[in-house]
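Undergrad: These protein sequence lines map, in sequence, to chains F and W.
Quick note on the working numbering: the first sequence kicks off at 1 and runs consecutively.
Quick note on the working numbering: the second sequence kicks off at 1 and runs consecutively.
What the hints contain is simulated information worked out from the structure, not anything from laboratory work.
If you're wondering where the values come from, they're calculated on a predicted model, not measured in any experiment.
Each hint should be verified, as a subset may be incorrect.
[To be verified] Simulated pairs of lysine to any residue, SDA-like, Cα-Cα distance not exceeding 20 Å:
| id | chain 1 | residue 1 | chain 2 | residue 2 |
| --- | --- | --- | --- | --- |
| 1 | F | Lys255 | F | Gln267 |
| 2 | F | Lys375 | F | Gln164 |
| 3 | F | Lys392 | W | Phe260 |
| 4 | F | Lys181 | F | Ile385 |
| 5 | F | Lys392 | W | Ala258 |
| 6 | F | Lys392 | W | Ala245 |
| 7 | F | Lys392 | W | Leu263 |
| 8 | F | Lys392 | W | Tyr246 |
| 9 | F | Lys255 | W | Leu360 |
| 10 | F | Lys392 | W | Leu244 |
| 11 | F | Lys375 | F | Thr242 |
| 12 | F | Lys392 | F | Asp136 |
| 13 | F | Lys181 | F | Gly228 |
| 14 | W | Lys248 | F | Ser388 |
| 15 | F | Lys392 | W | Glu249 |
| 16 | F | Lys392 | W | Lys248 |
| 17 | F | Lys255 | W | Thr361 |
| 18 | F | Lys181 | F | Ala133 |
| 19 | W | Lys248 | W | Ser259 |
| 20 | F | Lys238 | F | Leu394 |
| 21 | F | Lys181 | F | Ala138 |
[As the list claims (entries may be wrong)] Taking CB as the label site, the calculated pair distances span:
| id | chain 1 | residue 1 | chain 2 | residue 2 | range |
| --- | --- | --- | --- | --- | --- |
| 22 | W | Asp22 | F | Ser305 | 26 to 32 Å |
| 23 | W | Asp56 | F | Arg14 | 29 to 35 Å |
| 24 | W | Gln331 | F | Glu18 | 55 to 61 Å |
| 25 | F | Ser106 | W | Asp22 | 54 to 60 Å |
| 26 | W | Glu249 | F | Glu362 | 54 to 60 Å |
| 27 | F | Gly65 | W | Glu358 | 47 to 53 Å |
| 28 | W | Arg359 | F | Arg374 | 31 to 37 Å |
Yeah, the Cβ is synthetic: ideal placement off N, Cα and C, and Gly gets one too.
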Amino acid sequence: MNLDFTPEEQAFRREVREFLAAELPDDIRERVRLGRRLSADDHLRWQNVLSRRGWLAAGWPCEHGGPGWGPVERHIFDEECAAAHAPTVVPFGVSMVAPVIMKFGSEAQQRHYLPRILANRDWWCQGYSEPGAGSDLASLRTRAVRDGDDYVVSGQKTWTTLGQHANMMFCLVRTDPEARKQAGISFLLIDMASPGISVRPIITLDGAHEVNEVFLDEVRVPVANRIGEEGQGWTCAKFLLTHERTGIAGLGHAKQALRHLKTLAGQIRHRGRPLLELPSFRQRVVRAELELMALEITHLRVLASARGGDAPGAESSLLKVRGSELRQELSELTRRALGPAALPFFPDFLYGDVELEPERAEQAAIGAQYLNRRKLSIYGGSNEIQKSIVAKTLLGM
Amino acid sequence: MDFSYSDEQRMLADTLERLVADSSAGSPTAPASLWRTFAELGLLQLPFAEELGGLDGDSIDVMIVMQALGRSLIRAPYLGGLLLPGTLLARLANSAQRERWLSPLLAGESRLALAWQETASRYDAQAIATRARRQADGWVLDGTKQVVLAAASADALVVTARLDDGSLAAFLVPSDSAGLVRRDYATLDDQTASDVQLDGVALPHDARLGGDASDALEATLAQGRAALCAEAVGAMQVACEQTLAYLKERQQFGAPLASFQVLQHRMVDMHLNLEQARSMAILAAASLEYPAEQRDYRISAAKAYCGEAARFVAEQAIQLHGAMGMTEECQVSRYARRLIMFDHHLGDVDHHLEIVSERLTAA
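Taking the hints into account, I'd like the entire structure generated from these sequences.
TA: Take a look at the structure:
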């Protein structure tokens with residue numbers, strides 16, 4: 001047992017850091033640093049840089065064109081990206097649908113979709129939740145009726161993150177209304193340009209347009225776009241969700257948020273002294289630091305035990321719970337640190353291109369970011385669902 | 001970075017698991033025969049360097065031992081009777097002193113204890129009132145030590161004291177020294193400990209161990225804290241296992257308690273605390289070779305974290321066992337008692353949070 005990074009791992013960290021310093025465009029770095037929303041073009045520009053370097057699909061094995069990194073390298077990469085204010089790679093293609101295609105897709109499907117994802121040519125979104133199917137995802141009602149070589153899909157998906165930019169959607173649909181609810185579900189890949197699809201924005205409590213409703217009205221989807229057998233969709237869905245949850249601990253982001261908080265609370269003055277010296281505030285910062293230390297080791301332990309490319313099991317649910325709680329606590333402390341300065345709200349700056357005075361710009365996103373971070377304990381399966389998963393699968397309750 | 005045990009470490013863990021399972025049926029106080037078994041298995045030599053007659057075990061080996069002891073109901077004084085006095089001795093003693101005291105300790109032939117804490121200094125090992133005055137023919141010690149683990153069975157105590165020049169020193173004080181009065185008692189966590197009064201205890205020159213003992217003492221206490229974290233993880237694991245088993249077996253309202261979501265989620269919270277504490281115990285063990293400043297930061301972080309986790313797991317273990325958890329008869333209460341008192345050994349949550357807070361870096 002040894003917790004030190006090896007010389008090779010340290011060299012890898014330097015390589016990533018140098019790459020980020022040289023290749024991350026300044027305008028994108030600055031938008032991320034200030035917590036401003038990125039345009040589709042910002043995302044694509046950065047992902048093209050990563051794609052050229054062969055680092056877009058960080059979690060992929062070599063056989064599919066990934067870098068073949070182990071858990072420690074991925075951890076280092078995530079940490080350095082967050083520290084450098086690089087945008088988070090939009091996960092729906094590389095980290096979510098791709099592992100499903102690798103595991104359950106036909107050879108033809110793998111040959112078609114995986115290289116396109118690797119080259120950053122498709123923007124994927126996730127068609128999972130529905131108005132009536134949130135935590136109880138398996139009760140979804142979007143219907144797919146077989147008609148020759150097509151399915152005809154009708155229904156409504158919701159909370160579709162960045163769906164406004166997507167050209168492809170992976171989608172859970174009900175192909176057998178008679179079967180037990182999990183058994184009647186299939187996994188389809190849908191071209192967003194298909195006739196009958198419309199996307200409407202949902203504005204969240206931070207004023208942002210991040211998620212959408214997707215309406216499907218008799219959309220024709222080739223049967224060839226089904227992953228796995230008909231009725232096997234729930235197996236794909238569960239497999240995908242464990243992948244979704246692994247990154248969800250958001251350790252690199254938590255580390256960056258803690259650094260930011262400490263810097264801020266060291267500069268902001270409270271009754272003539274740095275806020276960080278206020279005992280009640282400092283105590284919470286200390287506890288967050290401890291939680292992060294423990295979570296980092298737990299995270300690495302889970303990754304190490306999942307070596308060999310398999311998705312980690314229910315342990316990723318534990319990481320998701322603690323990771324989201326920690327990031328929410330950090331966003332709460334950062335908001336409080338600002339005091340009255342957390343109140344001003346400049347959506348045209350945060351979500352558009354209107355500029356602000358530099359000192360205002362530094363703090364403009366923090367209040368809204370706190371609101372946005374409430375999603376962390378809800379998406380990818382709410383924390384309550386995660387605990388039920390752990391109780392069932394890990395503890396046999 | 002590597003979290004796996006070596007083959008030897010896996011064997012060590014298996015051996016201990018069996019040993020602990022065999023002995024757990026008996027009484028909670030470790031019989032003398034158990035200490036002999038420890039000596040025969042090499043456990044007493046394990047934490048010490050080869051040139052001192054040890055087996056050159058590392059901090060992970062010690063973690064494995066302490067975790068296994070934490071899982072068992074027997075209380076062998078591995079920390080108070082071996083690790084604390086032994087490693088301080090190993091750091092400070094000259095070859096004659098090692099020959100006389102360390103070798104028999106490692107052979108299981110004699111026992112030692114470390115008398116470091118005092119009523120007024122609480123968990124601060126440096127702010128002590130015990131004095132050592134130099135005399136023509138040696139030293140004279142005066143002071144009172146509090147809660148000295150394993151002192152009742154010790155042939156000699158390693159005692160810390162201030163010298164007139166302000167430096168901290170450590171002395172070997174035979175238990176039968178004139179002027180040494182011991183008050184022995186049981187602790188709430190099933191150990192034996194003593195308060196020790198030193199009233200003009202006269203010692204020869206060679207009773208002093210090395211020079212200034214300050215750094216060596218802090219290093220020894222750091223080792224002790226890491227060991228305690230591992231022990232607490234072992235006990236937390238049993239508390240979680242027994243609580244889970246109880247929830248599955250106990251029927252109320254016509255269903256097992258394990259089927260109630262509010263209890264499922266509480267059980268997951270216990271498990272989460274256990275796993276996070278395990279990570280911190282690993283971090284603590286892996287930090288012992290670091291420079292003192294970094295070592296103490298991480299050790300304090302781990303001790304504070306494990307203290308809170310241990311309390312949470314203990315309190316919930318009692319709560320989820322219902323009234324049964326309140327009984328002495330129910331095993332989990334013994335682990336709960338130990339987990340609560342974990343915080344009172346070598347510095348509690350407040351003590352260690354303050355240390356982390358003092359050293360918190362701005363970014």
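Undergrad: Going through the numbered hints above, which ones does this structure break? Give me the numbers in ascending order.
TA: none
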